[in-house]
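Trainee: Listed in order, the protein sequences are those of chains A and B. FYI, UniProt numbering numbers position 119 of the first sequence as 119, with every residue one higher than the one before it. FYI, UniProt numbering numbers position 180 of the second sequence as 180, with every residue one higher than the one before it.
Hints should not be assumed to be uniformly reliable.
A short, non-exhaustive set of chain A residues, derived as facing chain B with CB atoms under 8 Å [as the list claims (entries may be wrong)]:
1. Y90
2. D92
3. V94
4. P96
5. S97
6. R99
7. D100
8. R107
Calculated from the structure, these hints are not laboratory results. Beta carbons: idealized from backbone N, C-alpha and C, even for Gly.
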Amino acid sequence: MIFNSELSGQQQHTTSPVVTGGSVIALVYKGGVVIGTDTLCSYGSMAAFKNVEKIAQVSKNTLYVSSGEFSDFQQVVKELAKIDRSALQYDDGVHPSPRDYGNFLARLSYKKRCKINPLYLQNVIAGFHNGERYLALVDIYGTYLESNFVTTGFASYFCKAIISNYWNENCTLDQAKQVIRECFKVLFCRDCRAHDMIQLGYVDEQGVHIEQAERVETKWDFNGFKTRANEKLHTQ
Amino acid sequence: MLKHLYDTDCVTWSPQGKLFQVEYAMEAVKQGSICLGLKSSDYVVLCSLKRQPSELAGYQEKQFKIDDHMAIAIAGLTADARVLCKYMRTECLEYKYTYESHHPVGRLVFKVAEKSQHKTQSGAKRPYGVGLLVAGIDPNGVHLFETCPSGNYYEYKCQAIGSRSQAARTYFESWFHLFEKSTLEQLVLHGLSAIKKAIMEDEELNEKNVEVGILGKNQKFLHLNAQELKDYITKLEAFNPNSQIQQE
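For reference, chain A alone in the conformation it holds in the complex (with noise of 0.2 Å):
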């Protein structure tokens, strides 16, 4: 919000988030579909809110995570829950199944897009309805992809080879979780808005599960750390 009494008041266009969530990796298994994210909301590059949940229940069987500015975030979520409550004003016990979900968001992000005003984000929307998997990404323009498995932010980069080599769309549940806590360990390696804490939420044929936050493996006492090889003075 600018105080300035020339542009107070005008309405602002976002060109760059604030406050962002990291990456979301998201895959199918047996079952139903499992995502991950970590619990951090990144205020530039300063680790500001460290035990974010972003990991949201739309619905009795959708799931929806996004990463990029964590108030679009927020809204989005308030947006979903409001289609969901249509079930109730109507009084007709039908809601609306992940795909629905998925759909809307896609038209809302390119309404947005199309008046240079985005909401952005990276969207994620999972879930489980008449024995079918659902998984999609939904990204800052509207475009919207189903997929078997969903990367954004910097686990496209790194995770994908991670991805293609230790899983498939009709794994187990342990095994997708193992993959994406593996995708995560290399991600907090690497990417520098990343946290080692990460929540996994999955859902099935029983409904939406979203587990505690769980901390991302991680070894410190390789030889080469403890005696500092890299740090010896050089002597001429």
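Once you have looked at the hints, place chain B on chain A.
Mentor: Just chain B now, with coordinates in the frame of chain A:
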């Protein structure tokens, strides 16, 4: 209906608690030619009798597709029906654009009912003079709704509205217990039999004055063509609902 006091506009109640303008609007529905709907566990069938204003004119269509999964049959003022039809089609398109899935049927009927109710609570407006039979399929199942100028709506297993519809309803009361398990062909024949009860003595059903629409779980809304109608009307001679009971 005789003329009453307290019937000048929608915003005046009668001492008996009636809104006469709304009741008069429902009379307009009763003046329209008969249309009926009936459903089984997989199909909904709409049948209507089309009127011909004069020998030189065509027959007035009474069934309109709203979306692949929904259709209406109208009785009453056709012009008012056009307005509601356009509204329903627009809502379905918008829903499809936003969610890529079909508009839930009950919800759309609710919206139409709300729109209709608005017209009954204003000094400057009149109620819609048309009743709709809305046939639709959605994840909740197979539906048949009736909407009223009053803004009420009801879900039915089978219903007939319009002129001489009581005769068709009487037919339904005798046979509706068979509809749930009926095949599509049986359903259409039941519908045509019900219409036959409602026509005048000197009229007869033919492929020109009858309209049949079919909607199914795996069947998008479809009007039967002239040849198919002819075949069904021929089969009507031999149709005996009693034989259906023996099958069960």
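Trainee: Next step is simple, just say for each hint if it's right about the structure.
Mentor: Hints, verified against the model:
1. Y90: For A/Y90, the interface hint holds, since the closest Cβ of chain B sits about 5 Å away, which is under 8 Å.
2. D92: holds, 4 Å
3. V94: holds, 4 Å
4. P96: holds, 7 Å
5. S97: holds, 7 Å
6. R99: holds, 7 Å
7. D100: Given a least distance of 4 Å, the restraint on A/D100 holds.
8. R107: A/R107 check passes; min Cβ-Cβ to chain B is 5 Å, inside 8 Å.
Checked against the numbered hints given earlier, this structure breaks none of them.
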